[in-house]
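Peer 1: In case you want the letters, here they are:
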Amino acid sequence: MTDHPRTQSTLPPDPIDAFFDGDLDESGARRLVSALRADPGTADRFVGTHRAVNALRAPVESPDLTARILSRLDQRRSLSRRLRFDWTGGWSGRFAAGLGLVAGLVALYALNKLTPPFSSPTRVATAPETSPAPTPRAAPAIVPRTTPANAVARHPSGLLGPLNIDHVDVHAPTVGPGLELAGGGGNFRIRGPLGEPIAPFRESGRVEWGGMAPSFLGLPIPPTADRIDLFGLPAKP
Amino acid sequence: MNRSEEHTLIRRAASGDHAAAEALIRAHQASLYGYLLRMCARPDIAEDMVQDAFVRVLAHLDRFDPKFRFSTWLFTIGRRLLVNHLARLRPASDTDGMDRAAGGGSGPDDRASRDETNSHLHDALQRALAALPEAQREVLILFHQLDWPISLIAQHMDMPEGTVKSHLHRGRRKLRVLLEANDTAHHVGEAVA
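Chain order of the listed sequences is X and W. Under the working numbering, the first residue of the first sequence carries the number 1, and numbering increases by one thereafter. Under the working numbering, the first residue of the second sequence carries the number 1001, and numbering increases by one thereafter.
Hint data in this document are derived by calculation from the structure and do not stem from the laboratory. Heads up, a few of these hints could be off.
Below, computed lysine to aspartate or glutamate pairings styled on EDC-like, alpha-carbon distance capped at 20 Å [stated by the list, open to error]:
id, chain 1, residue 1, chain 2, residue 2
1, W, LYS1174, X, ASP17
2, W, LYS1174, W, ASP1123
3, W, LYS1174, X, ASP21
4, W, LYS1067, W, ASP1158
5, W, LYS1067, W, GLU1006
6, W, LYS1174, X, ASP64
7, W, LYS1067, W, GLU1005
8, W, LYS1174, X, ASP14
Label pairs and their in silico Cβ distance ranges [to be verified]:
id, chain 1, residue 1, chain 2, residue 2, range
9, X, TYR109, W, GLU1022, 29 to 35 Å
10, X, ALA103, W, ASP1017, 43 to 49 Å
11, W, GLU1005, X, GLY28, 36 to 42 Å
12, X, ARG81, W, ALA1181, 52 to 58 Å
13, X, LEU105, W, HIS1007, 31 to 37 Å
Derived, one-sided and incomplete: chain X residues facing chain W with beta-carbon distance under 10 Å [unchecked claim]:
id, residue
14, VAL53
15, ASP64
16, ALA67
17, ARG68
18, ASP74
Even glycine gets a Cβ: it sits at the ideal position worked out from N, Cα and C.
For reference, chain X alone in the conformation it holds in the complex (with noise of 0.2 Å):
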């Protein structure tokens, strides 16, 4: 089960690395923002791997077993009940109480050999102080960003997959499907294809789109900003 790495050391410190290790402090945040500003294909895989955590992350549906484990473990008790036996009685009683203790040997070994012995501390992990869910890793850092709103929304598995975008409060007298809008804007917020929260990534706020509106007048409006910055910075005009 445990394929050990021909090497025991680790692999080269990545920044990537060390932001989905939460290890990342300030400095290093940073630093990671520059590289991912500098250069595209970093970035790519930065939103990549946050992709595949994501989905890591995504909620397991799982059924209830709670009925099915009480109901063997209550047979299983029965079963180590039933094995008891009476010495007390004739021959025939005996006779059938060697029987019994000699069934009762058989299913007592065979079920020790299928549970594992717990007498050794030393077989079992050593637990931590805190409770069963272990101390959760310090958020990592936002990385700052600026990706245009069409893109996000058009781009099939687009930067971070297929994303759930919710309008609220949109204002724009032109409204098409997703973020194809023209002109106006409204409030957002970004949910993850398994509609699970996206954070890091921003995942609400406001943003205005570009192009041309009808205007009140009769006057074209000029366009306004047409990004979401999806790292936690407003939005550039």
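With chain X fixed as given, assemble chain W onto it according to the hints.
Peer 2: Leaving out everything else, chain W in the frame of chain X:
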């Protein structure tokens, strides 16, 4: 659930209190099932292993050492069941076992009502995980899905922390590449269709 509450439940369950046993099951069954499902890719097998692990642990609560957490013990049992299962799938090489483990996708109980996008991503993730070496797969699941710290993973898998990190970094990279390749294949398929 803090340690004191857990120990109280364990004592009560050991004396036959069904409600206490039920509380222990409900506290841990989802995380154990998620771990085993992602490792073996078979919902039916994962369900069996979850039940097996709980029955063995609950039937031997008298052996429980209060120095440790219930979840540690439970996951140790679950892991041993998983190792046995994966070993049965692995006749000649790791690849054979992993291919068998990858076969079910989301398994015979695939939910027809699941959104197509979610289903695609879930299946893509499961296929990608199945293509990873077992150790990398397990480290990724314990670290990112269950939020276990490196130290606990190292103890659980009986390997140095540096090795755990190495598996984590390599596994994450491979997972990213596999998911990106799956996306490309998916979109090519859609374009052709």
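Peer 1: It remains to establish, for every hint, whether it holds in the given structure.
Peer 2: To see whether the hints hold, each was checked on the structure:
1. For the given pair, LYS1174/W sits about 13 Å from ASP17/X by alpha-carbon distance, which is consistent with the 20 Å threshold.
2. Distance check on the hinted pair: LYS1174/W and ASP1123/W sit about 16 Å apart at the alpha-carbon level, within 20 Å; holds.
3. Proposed proximity of LYS1174/W and ASP21/X is supported: the alpha carbons are some 16 Å apart, at most 20 Å.
4. Taking the CA atoms of LYS1067/W and ASP1158/W, the gap is about 18 Å. The hint holds against a cut of 20 Å.
5. For the given pair, LYS1067/W sits about 12 Å from GLU1006/W by alpha-carbon distance, which is consistent with the 20 Å threshold.
6. For the suggested pair LYS1174/W and ASP64/X, the alpha carbons sit about 33 Å apart, so the restraint of at most 20 Å is broken.
7. At roughly 14 Å between alpha-carbon atoms, LYS1067/W and GLU1005/W fall within 20 Å of each other, so this suggested pair holds.
8. Note on LYS1174/W and ASP14/X: the hinted pairing holds, with a Cα-Cα distance of about 15 Å set against a maximum of 20 Å.
9. Evaluation of the 29 to 35 Å hint for TYR109/X and GLU1022/W yields a pass: the beta carbon distance comes to about 30 Å.
10. A beta carbon spacing of about 30 Å between ALA103/X and ASP1017/W contradicts the range 43 to 49 Å that was offered as a hint.
11. About 38 Å separates the C-beta atoms of GLU1005/W and GLY28/X, a value consistent with the hinted range of 36 to 42 Å.
12. Range check, ARG81/X to ALA1181/W: Cβ separation about 56 Å, and the 52 to 58 Å hint holds.
13. Checked against the given bound of 31 to 37 Å, the beta carbons of LEU105/X and HIS1007/W, roughly 33 Å apart, stay inside it.
14. The beta carbon of VAL53/X is positioned within 10 Å of a beta carbon in chain W (closest approach about 5 Å), and the interface hint is therefore held.
15. Contact between ASP64/X and chain W, as hinted, is supported at the beta carbon level, the nearest pair being about 8 Å apart and thus within 10 Å.
16. Interface hint status for ALA67/X: upheld, as the beta-carbon distance to the closest one in chain W is roughly 9 Å, under 10 Å.
17. Nearest Cβ of chain W to the Cβ of ARG68/X: about 6 Å, under the 10 Å cut. The hint holds.
18. The criterion of a C-beta within 10 Å of any C-beta in chain W is met by ASP74/X, whose closest approach is roughly 9 Å, and the hint holds.
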